[in-house]
Amino acid sequence: MVSTVLLDVVNFVGLAAFALSGALMAVRRQFDVIGMAVLATITTFGGGVIRDVLIGDTPPEALRNVWWLVVPLAATAVAFFFHPQITRLRRAVVVFDAIGLGVFAVNGSAKAMQWGLSPLAAVMLGVVTGIGGGILRDVLGGETPAVLRRDSQLYAIPAILGCTITVTLLALDVHLLAATLPAAAFITGVRLLAVWRRWTGPVPRALHG
Amino acid sequence: MVSTVLLDVVNFVGLAAFALSGALMAVRRQFDVIGMAVLATITTFGGGVIRDVLIGDTPPEALRNVWWLVVPLAATAVAFFFHPQITRLRRAVVVFDAIGLGVFAVNGSAKAMQWGLSPLAAVMLGVVTGIGGGILRDVLGGETPAVLRRDSQLYAIPAILGCTITVTLLALDVHLLAATLPAAAFITGVRLLAVWRRWTGPVPRALHG
Amino acid sequence: MVSTVLLDVVNFVGLAAFALSGALMAVRRQFDVIGMAVLATITTFGGGVIRDVLIGDTPPEALRNVWWLVVPLAATAVAFFFHPQITRLRRAVVVFDAIGLGVFAVNGSAKAMQWGLSPLAAVMLGVVTGIGGGILRDVLGGETPAVLRRDSQLYAIPAILGCTITVTLLALDVHLLAATLPAAAFITGVRLLAVWRRWTGPVPRALHG
Numbered sequence: 001m002v003s004t005v006l007l008d009v010v011n012f013v014g015l016a017a018f019a020l021s022g023a024l025m026a027v028r029r030q031f032d033v034i035g036m037a038v039l040a041t042i043t044t045f046g047g048g049v050i051r052d053v054l055i056g057d058t059p060p061e062a063l064r065n066v067w068w069l070v071v072p073l074a075a076t077a078v079a080f081f082f083h084p085q086i087t088r089l090r091r092a093v094v095v096f097d098a099i100g101l102g103v104f105a106v107n108g109s110a111k112a113m114q115w116g117l118s119p120l121a122a123v124m125l126g127v128v129t130g131i132g133g134g135i136l137r138d139v140l141g142g143e144t145p146a147v148l149r150r151d152s153q154l155y156a157i158p159a160i161l162g163c164t165i166t167v168t169l170l171a172l173d174v175h176l177l178a179a180t181l182p183a184a185a186f187i188t189g190v191r192l193l194a195v196w197r198r199w200t201g202p203v204p205r206a207l208h209g
Numbered sequence: 001m002v003s004t005v006l007l008d009v010v011n012f013v014g015l016a017a018f019a020l021s022g023a024l025m026a027v028r029r030q031f032d033v034i035g036m037a038v039l040a041t042i043t044t045f046g047g048g049v050i051r052d053v054l055i056g057d058t059p060p061e062a063l064r065n066v067w068w069l070v071v072p073l074a075a076t077a078v079a080f081f082f083h084p085q086i087t088r089l090r091r092a093v094v095v096f097d098a099i100g101l102g103v104f105a106v107n108g109s110a111k112a113m114q115w116g117l118s119p120l121a122a123v124m125l126g127v128v129t130g131i132g133g134g135i136l137r138d139v140l141g142g143e144t145p146a147v148l149r150r151d152s153q154l155y156a157i158p159a160i161l162g163c164t165i166t167v168t169l170l171a172l173d174v175h176l177l178a179a180t181l182p183a184a185a186f187i188t189g190v191r192l193l194a195v196w197r198r199w200t201g202p203v204p205r206a207l208h209g
Numbered sequence: 001m002v003s004t005v006l007l008d009v010v011n012f013v014g015l016a017a018f019a020l021s022g023a024l025m026a027v028r029r030q031f032d033v034i035g036m037a038v039l040a041t042i043t044t045f046g047g048g049v050i051r052d053v054l055i056g057d058t059p060p061e062a063l064r065n066v067w068w069l070v071v072p073l074a075a076t077a078v079a080f081f082f083h084p085q086i087t088r089l090r091r092a093v094v095v096f097d098a099i100g101l102g103v104f105a106v107n108g109s110a111k112a113m114q115w116g117l118s119p120l121a122a123v124m125l126g127v128v129t130g131i132g133g134g135i136l137r138d139v140l141g142g143e144t145p146a147v148l149r150r151d152s153q154l155y156a157i158p159a160i161l162g163c164t165i166t167v168t169l170l171a172l173d174v175h176l177l178a179a180t181l182p183a184a185a186f187i188t189g190v191r192l193l194a195v196w197r198r199w200t201g202p203v204p205r206a207l208h209g
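Protein chains in written order, with UniProt numbering: chain U, 1 to 209; chain R, 1 to 209; chain Y, 1 to 209.
Do not take every clue at face value.
[Claimed, not checked] With a straight-line Cα cutoff of 20 Å, these simulated SDA-like cross-link-like pairs (lysine to any residue) come out:
(1) U:K111 - Y:R64
(2) Y:K111 - R:V66
(3) Y:K111 - Y:A178
(4) R:K111 - Y:G56
(5) Y:K111 - R:E61
(6) U:K111 - Y:N65
(7) Y:K111 - R:R64
(8) U:K111 - R:G56
(9) U:K111 - Y:E61
(10) Y:K111 - R:N65
(11) R:K111 - U:N65
(12) R:K111 - U:E61
(13) U:K111 - U:I165
Worth flagging that the hints you see were computed from the coordinates, not collected in a lab.
Just chain U, with the same shape it has in the complex (with noise of 0.2 Å):
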């Protein structure tokens, strides 16, 4: 009972996370408040949609649940007016896009599980599920998606391994819960660390000449 609602406390701020990054990229780019809400929208559920068309899952969560719109919708709102005190707080928003992160990847790999696919696979539709919105945000806007590129600090590292956790532990009959919270934590804080610390990931050797 109080799992539950931590759960959807922990989503919300995912969702919410995520939203925020596509309204305020839109804000970047000098868009309407229409892209704002195209972006933000697509940011939010972009991830999570990938993963249920490929699982065969429609209509996707996002269109079952359509009250979650309220969130990309709400984060426009609130980033067309206040986008310039929201880019002064440009950590929260570091903050909860890795909790984000976090909490996507690995409940996307828990769902793969649960639907059937193998161990391997839940870990890629996770990482899907993670890094999915932010990919289609960036190329919407005209951008390299982040995550690709080499002065970006570690994103989807965190989501690899962290997955793997999860996945690893389904498979031992761990109790969800038990399997994904603390994943989810280490993907948060993994990121989070990378931040701080300016972690990038490796790069080829030539490059560096």
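Using the hints provided, position chains R and Y relative to the given structure of chain U.
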């Protein structure tokens, strides 16, 4: 009977307008004839394919009615030989495109309702059906999607309003034609009015300075 | 028996070629190792995943045969350490990629026929299977899709012709191998001939001036 023929004609005008807009963007981007055909095809069917994949109606309609493929191929041929003349007819293309937006958006919402989705989800899917093809066209063509940009006239807003009208009427058990045709005309009309009067969407405040 | 092994080998060459082309583009775009792995994976599986989602075969093959994931990961490792040498082997990559195009396009059409789609839809899906991964690679890498550009040698055209051959033969009840392998060789051959002889597609007239 008459109304079915009318619907077919209107739908055809919408398909043709979207196909032409894709082929003409390919000309502007200096693509070859394959680039023209690919862009025309994706613009014509993109929104409907996304809608069908999301609601789980696979293979999508565009693959079941493949003679529709004649439309983007004919548009490619016409644009290949006559694009200077068509470009001079830019206003005609804008009118056709507005008709396509209205027809596709309203049809998308009606189909979503028939498939049992909730009213809010049906509005979303209608808008996706209307604007999806154009977004794919712009992304593949290397431009920022027009629907997101502040310098574009109202496009998504009339679609949202028109789909809301259709969904409301369908929820009240109004006949399909009565619930869709006026709403499609409303979308087309508001869009054309916006182009004519240069109505643009609201923009976040700080960027005015 | 022998023919099945042959098919597997040819398919593997195609997967590996597409994987390398994705990893090498990531190197050229100065992405990090995650960017390489993501681009390699999407290029390898993108076309087939789109095909499977469109015909409704979910989860897509790539998620059911996850050991295939070894291919893009190995390509990433190879490109990470040896990309200067591979870049010098650019011709080998072009040959591999042409093999991949032929195999994937023809396999895509054959699968669509098996799933009961119409011949024209099967040709379309074959072409999508062949060119889809490369289009996603280019969009994510921030480049205009090569297949659309006028300065690219024939790529989609041999795929369209070869898929038409396969679909025609399958419609005439020709054996699967006889309907696919020669058509795949035809696509690969025409593509390589086009690269060698610098054949490009037709371009709309006014742009010549």
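Hints, one by one, checked against the model:
1. U:K111 - Y:R64: Satisfied, since the Cα-Cα distance of roughly 16 Å is no more than 20 Å.
2. Y:K111 - R:V66: It holds: about 17 Å lies between the C-alpha atoms, which stays within 20 Å.
3. Y:K111 - Y:A178: holds (15 Å)
4. R:K111 - Y:G56: holds (18 Å)
5. Y:K111 - R:E61: holds (18 Å)
6. U:K111 - Y:N65: Holds. K111 of chain U to N65 of chain Y sits at ~19 Å (cutoff 20 Å).
7. Y:K111 - R:R64: holds (16 Å)
8. U:K111 - R:G56: holds (18 Å)
9. U:K111 - Y:E61: holds (18 Å)
10. Y:K111 - R:N65: Holds. K111 of chain Y to N65 of chain R sits at ~19 Å (cutoff 20 Å).
11. R:K111 - U:N65: holds (19 Å)
12. R:K111 - U:E61: Status holds; Cα separation ~18 Å.
13. U:K111 - U:I165: holds (14 Å)
Consistency note: the structure conflicts with none of the earlier hints.
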